[in-house]
Each structure stands twice: as structure tokens, then as C-alpha cells.
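Participant: Below, each chain spelled out in residue letters.
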Amino acid sequence: MLDIRGSRKFPFFLIVFLGPAAICYTLFMIYPLAESLILSFFSVQPDNSYVFSGFANFVKLFTDSDTAPRFWGALKNNVLFFIIHMLVQNPIGLLLASLLVTKGKARGFYRTVLFMPTVLSVVIIGFIWQLILNPLWGVAESMMRAVGLGKLFQPWLGLPQYALPAVALISVWQFIGIPMILFYTALIGIPDELIEAAVVDGCTEMQAFWQIKFPLILPTIGIVSILTFVCNFNAFDLIYTMKGAFAGPAYSTDIMGTLFYRTFFGQQLQLGNPTMGATVATMMFLIILTGVLIYMFLFQRRVKTYQL
Amino acid sequence: MMKRRASRASRDLARQRFRGLLQHIILVFFSLIALFPILLILMNSFKLKKYIFAAPFALPNVKTFSLIGYDTVLQRSNLIVNFGNSIIVTVASLFLILLFGSMAAFALSGYKFRGNAFLGFYLSIGIMIPIRLGTVSLLKLMASLELVNTLTGLILIYIAQGLPLTIFILTSFMSQIPDELKDAGRIDGASEYRIYALVLPLVRPALGAIGIFTMIPIWNDLWFPLIVAPSAKTATITLGVQQFLGQYVSDWNAVLSALVLAMVPVLLLYLIFSRQMIRSVTAGAIKA
Chain A
1 MLDIRGSRKF PFFLIVFLGP AAICYTLFMI YPLAESLILS FFSVQPDNSY VFSGFANFVK
61 LFTDSDTAPR FWGALKNNVL FFIIHMLVQN PIGLLLASLL VTKGKARGFY RTVLFMPTVL
121 SVVIIGFIWQ LILNPLWGVA ESMMRAVGLG KLFQPWLGLP QYALPAVALI SVWQFIGIPM
181 ILFYTALIGI PDELIEAAVV DGCTEMQAFW QIKFPLILPT IGIVSILTFV CNFNAFDLIY
241 TMKGAFAGPA YSTDIMGTLF YRTFFGQQLQ LGNPTMGATV ATMMFLIILT GVLIYMFLFQ
301 RRVKTYQL
Chain B
1 MMKRRASRAS RDLARQRFRG LLQHIILVFF SLIALFPILL ILMNSFKLKK YIFAAPFALP
61 NVKTFSLIGY DTVLQRSNLI VNFGNSIIVT VASLFLILLF GSMAAFALSG YKFRGNAFLG
121 FYLSIGIMIP IRLGTVSLLK LMASLELVNT LTGLILIYIA QGLPLTIFIL TSFMSQIPDE
181 LKDAGRIDGA SEYRIYALVL PLVRPALGAI GIFTMIPIWN DLWFPLIVAP SAKTATITLG
241 VQQFLGQYVS DWNAVLSALV LAMVPVLLLY LIFSRQMIRS VTAGAIKA
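Heads up: the sequence lines are chains A and B, in that order.
Numbered by the numbering used here, the letters in the first sequence go through residues 1 to 308 in order.
Numbered by the numbering used here, the letters in the second sequence go through residues 1 to 288 in order.
It is possible that part of the hints are untrue.
[As the list claims (entries may be wrong)] Heads up, simulated BS3-like pairs for lysine-lysine below, C-alpha to C-alpha not over 30 Å straight-line:
#1 Lys-50(B) to Lys-151(A)
#2 Lys-182(B) to Lys-151(A)
#3 Lys-140(B) to Lys-233(B)
#4 Lys-49(B) to Lys-63(B)
#5 Lys-112(B) to Lys-50(B)
#6 Lys-60(A) to Lys-140(B)
[Said to hold, decoys possible] Ranges of calculated distance between the beta carbons of each label pair, as one might list FRET restraints:
#7 Phe-273(B) to Leu-87(A): 24 to 34 Å
#8 Trp-72(A) to Gly-20(B): 23 to 33 Å
#9 Ile-177(B) to Leu-286(A): 37 to 47 Å
#10 Pro-217(B) to Asp-66(A): 26 to 36 Å
#11 Phe-121(B) to Phe-13(A): 16 to 26 Å
#12 Glu-193(A) to Pro-217(B): 45 to 55 Å
#13 Leu-159(A) to Phe-18(B): 47 to 57 Å
#14 Phe-18(B) to Phe-62(A): 34 to 44 Å
#15 Gly-19(A) to Lys-233(B): 27 to 37 Å
#16 Asp-201(A) to Phe-121(B): 41 to 51 Å
#17 Gln-247(B) to Trp-210(A): 27 to 37 Å
#18 Phe-209(A) to Ile-80(B): 29 to 39 Å
Hints are computed from structural coordinates only; laboratory data are not their basis.
Note that the structure is predicted; figures quoted are calculated from it, not measured.
Even for Gly, the Cβ is constructed at its ideal location relative to N, Cα and C.
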């Protein structure tokens, strides 16, 4: 590394190297993020001017009889959305990864196929599943009938109590490839000798997995969890595609992303409100920041403890 | 004694075979779940409407074959324009992300200067905080720059979105390049710009990996095209398909064909580059 701290003025070539990235990033990422946070403390006047209003927007978001049920509902749904991902997507991803590391032909094929839905756009995935679950087409129903579960079929996407789990599972279906590949890479990195030695010492394979491999992939579990968290609390496309901005039926699939969109732009009779939109965005920011900080405290330390 | 050992060995073998079989069954099961919806749409997009409903699980044959859906899509939709827009936006963003990102990473990894650590931290904030949260003022900014409904606006946003991770990863790759190499260049009288050009090819694998995993979210993004560039002239393929599907929701042939047309380019690219793509996910996550 070339030490140029001593030189009297900042060298020109460094400005050339750093300038474009720093300007673009500051102008189109940091500035809008910061201004959005600030805007949440302002309110729009009828003449379109902004006036400082302290925490009024937040108070309104949390307590107003119109907005509060939407906010708490979206937050609750979003938490459920995240829990479903953590309980279904990540364990299955780990299971698939641990099957993929065993040697054998066709592993590459499985990996390619299992990862395929992940590269498609959420819009395509959303529509495909909407068609499959559509009672009009009856594909899902006739498949369930074929295995004797026909009676269990319901138009899940249209029922308030089932719509959110259904949408969450579709999202799981799409993104399962990401935890799978991350776990796969982590598992591949564990030297075979370590497991062999344990087996020679009388360890069963199950014990070897839980007592040796699992602690070693804890850092990856942390990464997968925080990625899931950030993506889930930032999700929008799938719900918007399948259920529209109103996240129906009866707001049962409404999450923070759709609430943000609706609040900012307004829909039908409800007028859009940029500062209330910024307030929702600020809440999302705080939620995501909390998640990231928890991750850093919990996992950054462990990484060191378990490093080989 | 010998006998017992032999029987135990054969039992172990049987157990191992059983376990291998079980593994295959699980993998086949999940592969089918992953593939089936895609194949179902592909198959039915080539059938007459009557048969889409009468026999959804059958392959198209002479009697049921029809291209009417594709006809509708090509005549009624803007998908060709959308596709072009997506290519322009993705390629331009990608090129500039890699150029600006590698330049910044080169400076951060190659020189000790005042503020280096701070700048590195500042540029990495955006890795975890989604740019979407700044949408309200981003739209205001775009309006004041007169970049609403332009591809330029989208490209600038995607550059800002892609830079933090790119810089973070490239900095760690570039700091592994031995100083002697750069010093040798300097002794030969090469300028710092020339040395950047010297270093760049050495991190080509990292550039490739970053390129792939920044490309997919840009191509698939719905949020910013919807908010910043929703006009018919600037809609990207993801937005175009979304709008077309919403409009033609009851025309099953058209819907299925539009889905296939939107899927095929991405899937082809994926099948060609799947190895690199999958590997790039790893490279992208190691940062976190």
C-alpha cells in the first residue's frame, strides 16, 4: 500500500478514482436515505410546502384510527412472513445443501434445477403460482385429488386466513436456492478429515453433523438469517404482483413494503402523502437497522470463536 | 467371528445404499417441485385454450397445438421495446458499477491516505440498507433533475445500489495483490492510472462474479421501474410483463405466452452460466 499521508495536498488521481463512485453513491443513495429520514418529521401543507411537525407523523402512524390498524397489521404480517421463511426456507435449504455435498453423480444437475426459480423475476413467479392455485384452472386441486387430498384444497390466495402463508410459501419456493448455496459452500469448506476422525472415534453421522458441522456453519446461519430478515422487511414485488397495492383479501397480505407504496402514492380514494410515506420508510429503516445490529453483536463474535 | 464381521459389513453396505437412495428421493422430490410450475406454464403456452383447461398436464400435440397466445403477445404488447429497455439499463448500469467500483476499490486498497478507513466504512453502509427506503426523496430528486421516465434515471439509481457491495468485495480482492507488482510498474515510470489498468485484469474472476449477481436484481426489479420510469416508452421487461398480465388476465393463451417469453431469456442465460452464477452468490454473501 502506497503511503501518501505525508503529501501536502490530496493527490489528483485519487479524486479521479474515488470521485465517480463517491458522488453517485452519495447523491442517489445516502442523500435520499437521509432526506427520507428527515422528511418523516415534516408534514405537507395544502400549498405543497413542508412544515416541521416533530413526531406528529409517527404518533399518527401508531395511534390514528385509520392508519394505526394498517401499520400494526403490516408489521404483524411482515413478522409472520419472516418467521415462515426462517422455519421453512432456511431449514430446507440446509437439508438440501447437506444432501448436495455428499459425493455422487447428478449433484450438479440437482443444484442447477433447485436454484432455477431464484433467477426468475418475482413477477413471473407470482403469476405462475396464481395460475396454478386458481380454482378456475384447477391444476392444484386435481393434483391434490390425485394423492387423495382433494378435499383439503381451498382457494388459499382468496382466503384472509390462508393468503399470507400461501404467499410466503411461494416466496420460499422461489428463494430456497440462496440459503441452499450458502450452506453448501460452508459445508464444502469443512475438511473431510475432521468428520472421518470423529467417525473413527465412534461418532455417528448424525452426531458428527450436529456437533461438528453445525457449529462450524453457525456464521453462515447468521448470514442467511440477516439476509432473510433484510429481504423480507423490504419485500414488495411478490405481494404487489399477486394481490395488488391493497394486499387483499382485507389487507391480510399487507406487509411494510406494500404499506409504504400505498401510503406514498395513495390508491383510489386515499390520497398519497410523501411525508407519511417517508415515516413508514423510516420505520422500515429502524427495523432493518435493529436486525443488522443484533446480527453484528450475536454473530461477528462467534465467527472468531469457531474459525478453523 | 469372520462371519459376523462379514454380515456386519454387508449390513453397513445395505444401509449406505438405502441412505443414498433416500437422498436421491429427497433431491428428486424437491427438484420436481422447483421444475414443475415452470414446465407446466411452458407446456400449456403452446395449446389451444380449450385444452389448457381440459388437459393441463398433457404435452401439446398436433390436435392441441396453437401459437395464438404468442401471436397476441407480439401484436398487443410492448415486450420487444421493454426487452430493449431492460438490456440498455442492465448493461449500462453493470458497466458503470464495475468501472466506478473498481476505481474506488483500487484507491481504497492501494493507498494509505487520510480518511481511507472512514471512506471505506461510508461506502459500505449501503450494503445492508436497501436503497428503496429512500424512494420518497429519490423520486423528488429525479423530478428536479428531470430524470423521471428516463432510462438514465434508472441507471443512476442502480449504480448507486450496486456500488457498495462491489467496492467492498473488490477492495478485499485488490488488497491481496502484492505491492511489489505495482511498485515495479512505478519504477518503470507508469502513472497511477496505468497501474490501475494493470491491476484490473488480475481481479477478472471477481468482476465476473459481481457482474452476475448485480445483474439479476437489476433485470428483475419491479419497484424502481414502477415508480421512476413507468411510461410505456421506458418500461422494462419486468414492469411490461406485469402490466400486460394485469391487462390480459382473462386471456389465458396470452398470459401463458407472455410468461414464457419473459422467462426464456433469463433461463437460457442461466443454463449457460449456471456454474458461475451459483458460485457468484457465494462471493456475494461472503461480504455479509
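Participant: Are the hints correct? Go through all of them and say.
Facilitator: Now the hints, each set against the structure:
Restraint check for Lys-50(B) and Lys-151(A): the C-alpha separation of about 26 Å stays at or below 30 Å, so the hint holds. Restraint check: the Cα-Cα separation between Lys-182(B) and Lys-151(A) comes to about 71 Å, which exceeds 30 Å; the hinted pair is violated. Taken as a hint, the Lys-140(B) and Lys-233(B) pair is honoured in the structure, with Cα atoms around 21 Å apart against an allowance of 30 Å. For the given pair, Lys-49(B) sits about 12 Å from Lys-63(B) by alpha-carbon distance, which is consistent with the 30 Å threshold.
Our distance criterion of 30 Å between C-alpha atoms is broken by Lys-112(B) and Lys-50(B), whose separation comes to about 70 Å. Straight-line distance between C-alpha atoms of Lys-60(A) and Lys-140(B) comes to about 23 Å, which keeps the hinted pair within the 30 Å bound. At about 32 Å, the beta-carbon gap between Phe-273(B) and Leu-87(A) stays in the expected band of 24 to 34 Å. Remark: the range hint 23 to 33 Å for Trp-72(A) to Gly-20(B) is contradicted by a beta-carbon distance near 50 Å.
As the Cβ distance of Ile-177(B) to Leu-286(A) is approximately 39 Å, the hint placing it in 37 to 47 Å holds. Our hint of 26 to 36 Å for Pro-217(B) and Asp-66(A) holds, since their Cβ atoms are close to 34 Å apart. For the hinted restraint 16 to 26 Å between Phe-121(B) and Phe-13(A), the CB-CB distance of approximately 22 Å keeps it satisfied. Between Glu-193(A) and Pro-217(B), the C-beta spacing of about 39 Å breaks the proposed range 45 to 55 Å.
Under the hint 47 to 57 Å, the C-beta atoms of Leu-159(A) and Phe-18(B), about 41 Å apart, miss the expected range. Evaluation of the 34 to 44 Å hint for Phe-18(B) and Phe-62(A) yields a failure: the beta carbon distance comes to about 57 Å. Here the CB-CB span from Gly-19(A) to Lys-233(B) is close to 32 Å, well matched to the stated 27 to 37 Å. Between Asp-201(A) and Phe-121(B), the C-beta spacing of about 45 Å keeps the proposed range 41 to 51 Å intact.
The supplied range of 27 to 37 Å is broken by Gln-247(B) and Trp-210(A), whose beta-carbon atoms lie about 53 Å from each other. A beta carbon spacing of about 51 Å between Phe-209(A) and Ile-80(B) contradicts the range 29 to 39 Å that was offered as a hint.
Against the hints set out earlier in the document, violations occur for numbers 2, 5, 8, 12, 13, 14, 17, 18.
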